[in-house]
Amino acid sequence: MLHFLTELLGVLSDFLDIRETSVTVLRGIVPLMVIGWFLGVHPAKVSPEYKERLLKGAVWVLVGLILFLQAVEIGFGPVGVQLGKSLALMGSGWGLVPVGLLLGLAVGLAEPSVHVLGNQVEEATDGAVPKRLLVGLLAVGIALAVMLGMIRLLCGFSILWIVIPGYALIIIAGFFCSRMFASIAYDSSTVVTGPMLVTFLMAVTMGGADALDGRDRMTHGFGFVATVAMIPILVVMITGCLKRKS
Amino acid sequence: MLFMMNNIKEAVVPIAPIAVLVLIFQACLGFMEPGMLPRWIVGVLFAGLGLFLFLRGVQLCLSPMGELLGAQLIRGPNMTMWKLVLILFLVGVFACVADPSVVVLNNNVKAAAGENMLSPLLFTMIVASGIGLLLIAAILRIIWNVNPATALGVLFALAMILCCVAPQSLVPLALDSGGVATGPLTVPFFLAIGLGFVSNLAGRSASTDGFGLLGIVSLGPIYGILILSLFGKG
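Chains as they are written, first to last, in our numbering: chain A, 1 to 246; chain B, 1 to 234.
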């Protein structure tokens, strides 16, 4: 117990060293706030209370960013990498596949933007496609995409085998559904590529790529976000096409 | 108060399953090195807290600010096309630099680029510039009223051609950067700008023209990285 507490204190002291993170955060937020303030807020002549609210929000953004990024660097990242490494070293590394499936499912079901997208599509199809169905399809799709990514990591084939057919299908389908559906579909890739997926999953794949023979981080560790991002576009686009036909 | 519940949900719900899953993995596989469990717990708690504060802040500050900015871009008395383009570019760049997903991606690139000649600073600049330029393209698409399916179809097809001809080692990274750069900061901010813009544009309904923007913007980093890689890595 005492050992755990000393470890915990060590981690916390690492966590509290926020100098580098603060610089990273400030150099993006400050210019953004300056532009937004002088070119957007000031000319609009809003009330002082409104301005106060904006400034309060800005502080929350800053603090939140610093906390989140520190947490990723100290906790999320290293553990993810370790998970990837261990799985890659167990046997011939095929443990990565079911783990990938589970992680993808967890992300797909839990990500709130997935549910928001589900609502949007239900509305856009006048209830023909219930939200539950879409969320389910997306979650399964994401899980399979992560699994596919892991298989790619283990087998080493080029990502072009995945993206070229995928996007060809998307582009063609785009011309068969309504303008609105095409827009929603193309935008939905941003829905699933949230900070959780990017931080944790990427750490796992980096660890895996490190530990596997003949795989490197650059060529094989990346590519997961892209594979997952294709899924919502495909699902929504095909839903839109089918709706057009009926 | 109700708003806060939303933000809490948005921050906690994505993390919870992963947090639990990892603990289950640890119980079954014991993959963690000594000293990692406290790291995980601290990481999960503060990631949740940080994400909650961040999302709340975006809702209180960045989204409204984006809408006001968007409105000014179309309604502002001294606005010229050149000013519009410049402001959009700068906004795109800085929003991208500030986005947490991009920061994390950058760290991963740093760790991965040992053997490669891609410097992390150059990488961030390319990604951010790509976002800035395609943000301009997205707003122009709205102004010129180009069909989204056509615009995006063409842009994606071009991206795919680039993927085939560029050095293959950078393609996965380039593709990832597109999805990553449309992260929790850039997405609501750009959407807000688009909304502020469109709602002041006569005769447009937000439902068709608010969207398509993110799809176009997400291609920015892909173009940036792959086009530059064709000129030889710097």
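Mixed in with the good hints there might be a few duds.
[What the hints assert, rightly or not] 16 Å max Cα-Cα, derived EDC-like pairs, lysine to aspartate or glutamate: (1) 110/B <-> 123/A; (2) 110/B <-> 210/A; (3) 110/B <-> 126/A; (4) 85/A <-> 33/B.
Since the hints were derived computationally from the structure, they do not count as laboratory data.
Verification of the supplied hints:
no.	hint	in the structure
1	110/B <-> 123/A	violated (43 Å)
2	110/B <-> 210/A	holds (14 Å)
3	110/B <-> 126/A	violated (47 Å)
4	85/A <-> 33/B	holds (11 Å)
Hints 1 and 3 from the list above are not met by this structure, while the remaining hints are.
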